[in-house]
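Asker: In order, the protein sequence lines correspond to chains A and B.
Each residue of the first sequence is one higher than the one before, counting from 817 in the numbering used here.
Each residue of the second sequence is one higher than the one before, counting from 79 in the numbering used here.
Don't take every hint at face value.
Facing chain B, according to a computed beta carbon distance under 10 Å, are these residues of chain A, among others [stated by the list, open to error]:
#1 Leu1029
#2 Leu1031
#3 Arg1033
#4 Arg1036
#5 Ile1048
#6 Val1106
#7 Leu1171
Derived by calculation from the structure, the hints in this document are not laboratory data.
Keep in mind the model is a prediction, meaning the values are calculated, not measured.
Quick reminder that beta carbons are idealized off the backbone N, C-alpha and C, glycines included.
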Amino acid sequence: MLLLRLFLVALFTAGIAALGAGTASAQPEETGPTEQVLGTLQTSRSGPIEGVQVTVTTADGDEVDEVETDEEGRWAVEVPGPGQYVVTIDADDLPDTVELAGEDNRTVTVDEGRRQAVIIGLEDGSRGSGGGTVRAVQLLVDGIRFGLLIAMAAVGLSLIFGTTGLTNFAHGELVTIGAIAAWYVNVQGGVSLIPATIIAMVVGAAVGAISELGLWRPLRRRGTGLVAALVISIGLSLLLRYLIQIVYGGRSSPYDFPTGRAVDYGLFTLTNRSLASIIISIVVLVLVAVMLQRTKIGKAMRAVSDNRDLAASSGIDVNRVILVVWMMGGALAALGGVLLGLSDQVQWDMGFRLLLLMFAGVTLGGLGTAYGALVGSLIVGVFVQMSTLVIPNDVKYVGGLLLLIVILVIRPQGILGSRARIG
Amino acid sequence: MGDLLNALAVAGKSALGFQAIFFALLAVGINVQFGYAGLLNFGQIAFALLGGFGIAISVSQWGLPFWVGVLVGLLAAVVLALLLGLPTLRLRADYLAIATIATAEGLRLLFRSVSATPVTNGTRGLSAFNGDFIGLAPWATNERYRILGTTWSGGELWVALVGWVIVVLSGLLIWALMRSPWGRVLKSIREDEDAVRSLGKNVYVYKMQALVLGGILGALGGMVYAVGTGSAVPDQYQNANTFLAYAALILGGAARVLGPVVGAMILLFILQFADTGLRLLIDNGIIPEGLLSSTDVAQIRFVLVGVGLMLLLIFRPQGIFGDRREVMLDAR
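Build out the structure end to end from the sequences listed, making use of the hints.
Answerer: Below is the structure:
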């Protein structure tokens, strides 16, 4: 996902047309205390490129600093202040298989307080060597990965809506909390990512349970209206999001987990971590489906979702079911957050940005239905990634949000929703 | 003591400055939609963005006169309201909420994208479009004036004066409208949509009119903000600002003419006071740097607004002036 994104960024900026060509690229820019230029040298085939000399000079030609890329292919140089800088890489340091796609330098303008990403186009010789990927297939696979991730985070959102009627705008923060909890355990605590993820899921479930027991259940008892509850969830979302920014900061940082090279599967390439992300999502979603179909609590969830009063009068403990839904939703959102952090790095507002795509997925599938959330999210994920075939990469989310509005015009109840729900 | 007085003065200035006007106009717009008609517009900031960029693009990029820019901004807001309302106003409230918040985020991403750079100048935004307007000021705009312990530039004063005139005029308009039959229909839609429909009123059209009117007010707010800061940058129009305006509205009292205006002033006063106060406490070492650094203070305002919104809706949904019976706040 990251590689592909970088590839597309370079396609767009440097105008490389060859399929399978790699790029030297960078994380998106973000604010930090001082000005910095930074980037990552990697291509889809060679993986990160280590030991390439990167020289940064001012526009007048005075050298600022000279660094080498680390084993992740990353480099960063602090610059003395805002202004124009020239970044040059030493082409002789590149591995034999990798060549420059264009010039060996780029001129960038650094704004005050910004960390400016620098993109230098690289080619890894896959052009004409027969190992090229078909871009549409590549995007489809990537879209499926992204869609499954959205689905996992969105199942909880949809079930919470189904069982309580609450449109939970704070659900994105559950995603962020999961990703950040795993980041602290993984990077600060030095625990490897898999146990860190499990800890994050426990944290997610706990946060879900706390918000149900501490906030939403008392509010339901008070008879708070649905719109009031919705605005309260927005307040909660703001509170959590900016608390996270204060604690974690505005930076974006990766997990301590090997990047690995992309493996060629003929029509598409996939890094092992993306493959793992797809497999984990599928396994978890199948487990959720089996639970909803087969187990007592799963059936109870669907019953409460379908008709709360009827479920209550059949002897189902509605409050207990809702608590389980919150815990499950929190854990799944946390897992989704970790997977998102794995592909896109961990950021304080990652969950909020995903929330809008979750809404798109859930609305497309039908608000309140668990399977609808799954189908809808998959479609949204694939749509968002595939849309980069025609629209630039940095506006691909806009495509997803546009899809949401189109759905509302054509079929507001969603694919699996029932007409009665939309009132 | 001197520090405290200074903090109060700074907070007072921000409660009267163009930022308060910005939030007041956003909140007056939301009041029409949410307070009177019961519509959940969570994308009010998108209208402000269109207002601000309407002027900025028209003047800086197309070389049109300032007042044509104002018209462009207002027109863009009307078009957006129609586009948003068309699909969503027949559905339940939360669909409009989701669609509007998605639109606001989408528009911001679009305006800051690389492909939009030829028009909007991407993340850096546009500037130098308010010269014509500032030039209209009857006093010297480059001099500084001392008012209530703070200094204002002549330009700031002029923007604030015109801004408050707009707020007062829009307040009068809302007051008159809500006394009219149109306003009564709007309020009854909020109370019971089906009852209004059974009386032969076209609910859809009324809702659409409320959405458009609120959107125009939001665009005016965005214009005041853009002219006040002298620049239009897409990232100034973050989604969280919509909820600052909601907080202002609910604090003051929804479905009241003065509610959003007073709410915006109080909110800005509280936020600025907390901001200056916290910075002072950090500088003096009363709050240790490890707990909260001065760069974190900017985020505190959103934390405060989040807490404030929750507490208000749980304990006092009618705010300062509102009537509890009028803000039942239930989904339909």
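Asker: Hint by hint, note whether the structure agrees.
Answerer: Status of the hints after comparison with the structure:
no., hint, result
1, Leu1029, "violated (15 Å)"
2, Leu1031, "holds (8 Å)"
3, Arg1033, "violated (13 Å)"
4, Arg1036, "violated (12 Å)"
5, Ile1048, "holds (5 Å)"
6, Val1106, "violated (30 Å)"
7, Leu1171, "holds (9 Å)"
Consistency note: the structure conflicts with the earlier hints numbered 1, 3, 4 and 6.
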